[in-house]
Amino acid sequence: MKTTSRQLPSFKPSRRWLTPGAIAVLLAFAVVFPQQVAKDNVWNLFFLMCLGIAMGQSWNMLGGFAGQTSLGHAAFFGIGAIITRVLWFHGTPFFLALIVGGVAAATFAMIIGAPTFRLRGAYFAIGTLAVAEVLRITIAQNQPYISTMPGSMIAEYNLPSRYWLALGLAIATTGAAYMLLRSRWSLGILGVREDEEAAQATGVHVLRHKLLALGLSAVFMGLAGGVFAFKQISYYPEAPFFPTFTFEALMIAYIGGLGTVSGPVIGGIFFVVVRERLAANLTDVHQVIFGALFVVIVLLLPGGLLEIWDRSKRLALRVIRR
Amino acid sequence: MQSFMQTLVFGIFAGAIYGIAAMGLALVFGVLKILNIAHGELVMLGGYVGFWAFSTLGWDPFLSLIIVIPAIFIVGLILDRIVYRHIVRQLGEEKIKNSLLVSFGLGLVLQNLAQALFTGDERSVQVSYAGEGLNIYGVLLPWTRLATLGIVLIVTLALHFFLRKTYPGKAILATAEDYESAELAGINIGRVYMMTFALGAALAAIAGQFVTFTYSLAPSIGMTWTLKAMIVIVLAGTGSILGALPAGLLLGVVEAMAGAYLAQTYKEVAGLVIFLFVLIVRPQGLFVRK
Amino acid sequence: MPDFLNVDAINVAHGDIQALWDVSLEVGQGEIVALIGPNGAGKTTLMRAIAGLHPLKSGTVLLRDKALHALPAHRIVEQGVIMVPEGRRLFGGLTVMDNLELGAYSKRAREVRANTLELVFELFPLLAERRTQRANTMSGGQQQMLAVGRALMGVPKLLMLDEPSLGLGPLVVENIFETVRQMNQQGVTIFLVEQNARQALELAHRAYILEQGRIVGTGLGDELLRDDRVQQAYLGICPAPEE
Ligand SMILES: Nc1ncnc2c1ncn2[C@@H]1O[C@H](COP(=O)(O)OP(=O)(O)OP(=O)(O)O)[C@@H](O)[C@H]1O
Ligand SMILES: [Mg+2]
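Residue numbers (the numbering used here), protein chains in the order written: chain B, 1 to 322; chain C, 1001 to 1290; chain A, 2001 to 2243.
Chain B on its own, in the form it takes in the complex (with noise of 0.2 Å):
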C-alpha cells in the first residue's frame, strides 16, 4: 500500500498515557486542585484547558484520524455559540440550549459536508476556509452589536460551574474521540487517511466515513461553543467565528500528537498553560510566538509532544542497553 502520510508517523490507534492511573491522577487533579485554591485564575486557568482540549480532540477526529484537514472549524464553534446563547438567553434551560447549539453545528456540518468532501486535501482546506469565513462576515453584518448577559444572569454567575461544564465536555469528547477509534469504524476511517483509493477499492464507504468523523467532530466543536457562549459574559456575535478558533483547535492536536488520544489532552494544557503565561508577560507577542511553534511544529516536528516523548524513551533505552 501507498503511504501518502508522511507527516503522519506510524501511529497506531494510541492508548499510550490512557492507562487508568495517569487518568485517575489526572481527574483527581483536575476535580481537587481547584477546589482546593479556590481562585478566580485558577478556575479560569482550568476552564481554558477543558475547553482547549474538547477543542483539540474534536479537529483531531477529522483532521488526526480521518486526515481531512479542516481550516473552518470556528464555523462549528460559532454556530454552537451563537444558538446556544440565543436560545438560553429566550429562556431555554440552558442544558438543552446547549445541546441543541451542538446539534445545530453537526447538522451544518452535514450540510456543507456532502458537497465539500467532493473536494480533496487543499481544497477541502480551504472550501471549509471559506464557509467559515462566509458565516464570519454574515453574522458580523446581521448582528453588529456585542451580546451581553442579561443582569440576572450576572447576578447568579459563578466561575465553578462553568468549569464543571468545560471539565464535562473534555472528559466526553476524549471518551468519544477513544470509542471512535475502538469502534468498528476506525479502521476506515485511519483507512481513508492513509490512502483513499485504497481504502475505497478495498470496500470503505469513503463519504460516509468522512462524513462520521465531520459530524463528531462538529458536534464537539459546536458544544464547545456552547460552552464559551455560557462563560463569557459579553463578546461580539462574530467574535466565535474567528479563524483564530480553528486555529486554536488544529495547534492543539498538532502539539500533543495528531491522531491520537492523549495527544490533545496534552497539546490542550501544556498550549493553555503557555499561552496564559506569555499573555501575562508578553501582552503583544504571545499569538505571534504561538504561531510560530506552530509553523516550527509542521516542519520539524510533525508528531508533536508525544514524538517528543517517544523519541527520548526509545534514546533512553538505547543508552541503558549500552
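These are computed hints drawn from the structure, not numbers from a lab.
Any given hint might turn out to be false.
Estimated spans, in silico, between C-beta atoms of each pair [unchecked claim]: (1) Glu2086(A) to Val1281(C): 49 to 59 Å; (2) Lys2107(A) to Ala114(B): 51 to 61 Å; (3) Met110(B) to Gly2140(A): 44 to 54 Å; (4) Gln1006(C) to Met110(B): 41 to 51 Å; (5) Pro2072(A) to Gln1006(C): 52 to 62 Å.
No residue lacks a Cβ here, since even glycine has one placed at the ideal position from N, Cα and C.
Given the structure of chain B, go ahead and fit chains C and A with the ligands onto it with the hints provided.
Just chains C and A with the ligands, lined up with the frame of chain B:
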C-alpha cells in the same frame, strides 16, 4: 442610488485591486505549488509600509510604491528562506496541506506582529485630490481609481513581458512546468522559488498600497484578502497567472452589483458563494493543471 | 582505467525501498557506454542519482576529481554532465526556441549559446523550422529531437540519455542514434540507458548490465552481443534447442 454604469465602473476599479493581489497568489501557486494563506498578510504589510511613508514622509501613495515594492519583496525573500523553502521541498498532497497549515500559522504571526507594532486602529491615506476626477455623463471616475487601474494594467503587461520574453522569466515558467527538467537545464530552482515568492509578495504589496487609500487598513484585513485572491484564482482557473486580472475584474463587478441590487450585507458573501460553487462544481478542473 | 566518470559503490533508496546496491561503474573520456537491464532494474534511478536528482545513501560519484554527489543538480549541469530524462520532459507550454534557450541556462553554456544553436539546427533542421511551435504540440519523434537538442544546448562533456528510443519508430531511433554517434565523434562522452539492447550494444564501446539494482555484468559492446546469457535475456535469441 447610484446608476448602473457607476456601479459597474466602481466594480471594475475594485476588481483591479483584487486582480493584482490574486496575480501574486497565482504566481506563487503556479510555480511553488503551495497555497499561501498568509498572502493577505503581505497585502496588509504592504499597506502599512505605504501608510508609514505617507504619515512620516508625506509621500503621495503612488510615489511610495517605489519603497513599498522593494520592502515587501525583501520580506518575501526572508519568508521564503526561513519558512516556505522547507515546504517546497516536500512532495505531493502533504506539501500542499503543510503549506496551508504553515501559512495559516504564519498569517497569524504577521497579523499579531502588525497588531503589536501598529496597534489595531484603522488607518487610511487621504490624498488632497481624493474627490477629484473625470465626470463622463454623470459617471464619476476619480483620479485615484483611474491611476490604480492604470498601474494594474501596466504591471500586468510588464509581468507578461517578463515571464514570456526574458531569460529569468522563462526560467520561472520552466520551473513551473517541470522543476526537474528545469534543474537538468541548469536552472537553480531554489533561487527561482525564492524570487518567485518575493515577486508574489511584491504584487500583494502593490494591492496593499491601493487598499490604504481605497479602503482602510488594519492588522486583521489579511484573511479577507487571502480569500479574495483565492476566489479570483479559482475563477481564473489555475495555471493562469495573468488570467487573474480579468477574473479579478469579474469579482469586483459581481460584488458591486450584489451590493447595489441585493443588499450591502451580501456584497462579501456573493464572492465567497461563487467561489464555493465553482470549487464544488469544477473542483479539479480549475485547480489542477494538466 | 577510465578516469572520467567514476561511480563508486553507490546505494540509493526510494523511501524505505532500496533501488541500487553498491553500484560501481566507470565511463572513460570519449567513450560510449551503455547500460542495459530489465524494467525496474534501477537504470533510471542510477542516472538520476548521477545527475543529482536523487540523493545517495552512500558512495561517491566523481567527474575527474570533482565530487558530483556533493553538488545540487544545476551545479552538475554546470560541470558539463547533462541528462536527457526518460519520457523527454519538455517544457510543453513553451516554444521550441524557449526550450532550446533554457537548455543553455548554465553560465558556461550561455556564453556560447549562439554557436551551439547553429550546431543544433544543423543536426536537427526541423527544429529550426518549428522554432515558434509549442513543444507539447509536436509529435513524439520531434519531441525527442528537441529533448536531445535541449541537452546539447548545455554543451555536454558527458551526455546521459535515458531510453531515447522509447515509443519512437525505427527511423527516428536511427536518426537519434546517428546523432549520438556524431556527437561522440566530436568528443562528447556518452552514457546511454536502453531497453533496445541490440542497438545500444551495437552503438556502445562498452556496456554494463544492471539487474535488480546490482551490476551483474560488463564487457565490450560486441562481446556482449555474442554472449549467450545476454542474447537470451535481452536480445530475444533462444539457445539452440537441446537434443
Ligand atoms: N519515485 C519512486 N518511488 C518509489 N519507488 C520508485 C520510484 N522510482 C522508481 N522506483 C522503484 O525503483 C526501482 C527502479 O526503478 P527505475 O525507474 O530506476 O527502473 P528502470 O530500470 O529505469 O526501469 P524502466 O526500464 O522501466 O524504466 C523500481 O522497483 C521502481 O518501482
Ligand atoms: Mg527507466
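query = Of the hints given before, which are not true for this structure?
reply = 1
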